[in-house]
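J.: Chains as they are written, first to last, in UniProt numbering: chain A, 1 to 355; chain B, 1 to 355.
By construction, these hints were calculated from the structure, which means they are not laboratory data.
A few of these clues could be false.
Since the list gives no way to pick out one identical chain from another, each pair is judged satisfied if it fits inside one copy or across any two copies.
To be verified - With a cut-off of at most 30 Å between alpha-carbon atoms, the simulated DSSO-like pairs for lysine-lysine come out as follows:
hint: 1; residue 1: Lys13; residue 2: Lys296
hint: 2; residue 1: Lys104; residue 2: Lys230
hint: 3; residue 1: Lys53; residue 2: Lys43
hint: 4; residue 1: Lys43; residue 2: Lys18
Protein chains: 2
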Amino acid sequence: MSSNLINEIDIVKASTSKISSVDFENLTFGNIFTDHMLMCDFKDGAWQKPVIKPYEPFMIDPSAKVFHYGQAIFEGMKAYKDEKDDVWMFRPDENFKRFNHSAKRLAMPEVTEDIFIGGLKAILDLEREWVKKGKGNTLYIRPFMIAIGSGVIAQPSTQYRFMIILSPARSYYSGEVKVIIAEHYSRAANGGIGAAKAAGNYSAQFYPTKLANERGFQQIIWTDDATHTKLEEAGTMNVFFRINDTLYTAPTGERILDGVTRKSLIDIAKRDGINVEIRSVLVTELIEAAKDGSLKEIFGAGTAAVVNPIVGFSYQDNYYELPKLENSYASQLKEKLTNIQYKLADDTFGWTVKV
Amino acid sequence: MSSNLINEIDIVKASTSKISSVDFENLTFGNIFTDHMLMCDFKDGAWQKPVIKPYEPFMIDPSAKVFHYGQAIFEGMKAYKDEKDDVWMFRPDENFKRFNHSAKRLAMPEVTEDIFIGGLKAILDLEREWVKKGKGNTLYIRPFMIAIGSGVIAQPSTQYRFMIILSPARSYYSGEVKVIIAEHYSRAANGGIGAAKAAGNYSAQFYPTKLANERGFQQIIWTDDATHTKLEEAGTMNVFFRINDTLYTAPTGERILDGVTRKSLIDIAKRDGINVEIRSVLVTELIEAAKDGSLKEIFGAGTAAVVNPIVGFSYQDNYYELPKLENSYASQLKEKLTNIQYKLADDTFGWTVKV
Numbered sequence: 001m002s003s004n005l006i007n008e009i010d011i012v013k014a015s016t017s018k019i020s021s022v023d024f025e026n027l028t029f030g031n032i033f034t035d036h037m038l039m040c041d042f043k044d045g046a047w048q049k050p051v052i053k054p055y056e057p058f059m060i061d062p063s064a065k066v067f068h069y070g071q072a073i074f075e076g077m078k079a080y081k082d083e084k085d086d087v088w089m090f091r092p093d094e095n096f097k098r099f100n101h102s103a104k105r106l107a108m109p110e111v112t113e114d115i116f117i118g119g120l121k122a123i124l125d126l127e128r129e130w131v132k133k134g135k136g137n138t139l140y141i142r143p144f145m146i147a148i149g150s151g152v153i154a155q156p157s158t159q160y161r162f163m164i165i166l167s168p169a170r171s172y173y174s175g176e177v178k179v180i181i182a183e184h185y186s187r188a189a190n191g192g193i194g195a196a197k198a199a200g201n202y203s204a205q206f207y208p209t210k211l212a213n214e215r216g217f218q219q220i221i222w223t224d225d226a227t228h229t230k231l232e233e234a235g236t237m238n239v240f241f242r243i244n245d246t247l248y249t250a251p252t253g254e255r256i257l258d259g260v261t262r263k264s265l266i267d268i269a270k271r272d273g274i275n276v277e278i279r280s281v282l283v284t285e286l287i288e289a290a291k292d293g294s295l296k297e298i299f300g301a302g303t304a305a306v307v308n309p310i311v312g313f314s315y316q317d318n319y320y321e322l323p324k325l326e327n328s329y330a331s332q333l334k335e336k337l338t339n340i341q342y343k344l345a346d347d348t349f350g351w352t353v354k355v
Numbered sequence: 001m002s003s004n005l006i007n008e009i010d011i012v013k014a015s016t017s018k019i020s021s022v023d024f025e026n027l028t029f030g031n032i033f034t035d036h037m038l039m040c041d042f043k044d045g046a047w048q049k050p051v052i053k054p055y056e057p058f059m060i061d062p063s064a065k066v067f068h069y070g071q072a073i074f075e076g077m078k079a080y081k082d083e084k085d086d087v088w089m090f091r092p093d094e095n096f097k098r099f100n101h102s103a104k105r106l107a108m109p110e111v112t113e114d115i116f117i118g119g120l121k122a123i124l125d126l127e128r129e130w131v132k133k134g135k136g137n138t139l140y141i142r143p144f145m146i147a148i149g150s151g152v153i154a155q156p157s158t159q160y161r162f163m164i165i166l167s168p169a170r171s172y173y174s175g176e177v178k179v180i181i182a183e184h185y186s187r188a189a190n191g192g193i194g195a196a197k198a199a200g201n202y203s204a205q206f207y208p209t210k211l212a213n214e215r216g217f218q219q220i221i222w223t224d225d226a227t228h229t230k231l232e233e234a235g236t237m238n239v240f241f242r243i244n245d246t247l248y249t250a251p252t253g254e255r256i257l258d259g260v261t262r263k264s265l266i267d268i269a270k271r272d273g274i275n276v277e278i279r280s281v282l283v284t285e286l287i288e289a290a291k292d293g294s295l296k297e298i299f300g301a302g303t304a305a306v307v308n309p310i311v312g313f314s315y316q317d318n319y320y321e322l323p324k325l326e327n328s329y330a331s332q333l334k335e336k337l338t339n340i341q342y343k344l345a346d347d348t349f350g351w352t353v354k355v
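Turn these sequences into a full structure, and let the hints steer you where they fit.
T.: Here it is, written out as structure tokens:
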């Protein structure tokens, strides 16, 4: 990456800042955006010069391919402020890599490191004030790319728009999370786009999740679509199961997103002597473990939610409650991970990147 | 449907028409649009008054849910002009029904018949001049709905936009179509959204189709994702196989779109004494039939392409060429279907609806 990248981005500053009107103590996730956004268009086979400008709506043609053929991918990341007022990103290289993996799978152009990493640094540098000190405060980062070329023929677009928008955030979920194990609906096909962070993967989950919500459950744990016997991931999170003192999580692959939080938790757990097995857990195993008491914890892991303990699950209309543990793996791992992110613990892994 | 619906739509006419600048003899599919578009927004839990206005780009927030979570569905239809200059739609009730099926599956609000069918009639009435006489000339109709509510939380939007845009069209595919039988990639999961006309289903196919294109094939015939043994549908078409004198096509269901052209061809074939079997055809059956000469035809069926004969297919790196038949089922059925659509034959099925 060129070191003078910030000079290569056009910056048009907002004339006034919205920041004083924001109640940082009472944020709901994802609906307030900072003063600026980064925008970079791809046309004539090349990425154009990125621009950072005031956050605002833009014009788009009704026949834009994103509306008709769903070429849209994104990433979810966070920025953190330490006690010295420095701003940090967490493993942005992983998000960059996954973003380009998603781009490839959806026949979209890959972005350069200059645009993705350099763009992140430039816009975060400009929006430092929006990253608040104190654990739990973050600036949620949403890089995304959409197909803006026009035309209703089912072919990849020739024009794209890469953007970064930023939203101050506290925790994603509130309250207890109960889940349903999927018995009919599915998240991803073999040979499909489940491993890509593609917009289309999310809308597919809304209806089944709505049905779950109506029954009093917040999320679904997805199973393999062919047999519904293997536990895969939750709606917006990877999922971990603790049986006795071993932590299990499914291997990532074509159907399961390679989550950055997931892989970071695995590394922390292993470093600290927790036995981790990366393998598919069967629904039958889970039920058996719940019945004989060896199932200690289930938790989700993802950037937005960080670590999200699950209090119980439903399968075939039976509800299984999980024990309330003190010093759970979920709470230990969350504490250790966020301590690294907020620079309260040594970053022995080299995961944090200063803005 | 209320009979005075056109009066319930606000119409803002374009000051000038683009029509004289369009070369109707040399159209490429889907990149020229008529003078007007229909737009109808859903907010505060209700559909607002539809408006027909000049075709133009619109403003949208960078955090609009369609960009991030893929809530986007569409339909493909056509209008035809007969020798008396009347304009006709083909089975619009089927598209209306399927549109709302797609809406439900993606947790989007269903549209009313007034908006969908009434809106179609109103905009087609205004754009009559764009529907050209003569077989092969059509006005392609693209109703679609997108989530325009803002916010990067993975939940269904509360605001939507329904639109109808129109594009003059001749045939969709040109040249010979060769296909690859999918051995790794897939179009849809069990319990997924394959039966919905969802934008996300199409972008998922672009990369595998690009790989096929690079090998000299135009389309893929998708197989079931779990075993890749059952033939399902082509990229933008349902698919028919003729073995000896029987026509086979897969049953529609969760993974296969309930195509209007597909079901119309089945009805015409049955009426005219062609033996039709609705069942999954196995890849092994197809190979065997290709080898022993009983495989006579493969063709795709869809609104854009109508009937698209396939000249050969590849499976496991072997290429199987299909015989060149005179008076093929594909050509017979295409002729009969388009004769109904252009009012050149009696519409005994009651499929055509006058604008």
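J.: With reference to the structure, classify each hint as holding or not holding.
T.: Structure-based check of all given hints:
1. Lys13 / Lys296: Result: close neither inside a copy nor across copies, 51 Å intra and 66 Å inter.
2. Lys104 / Lys230: Result: close both inside a copy and across copies, 27 Å intra and 27 Å inter.
3. Lys53 / Lys43: This pair counts as both: shortest intra-copy Cα distance 20 Å, inter-copy 29 Å.
4. Lys43 / Lys18: between (32 Å within a copy, 26 Å between copies)
In summary, the structure is inconsistent with hint 1 from the numbered list given earlier, while agreeing with all the others.
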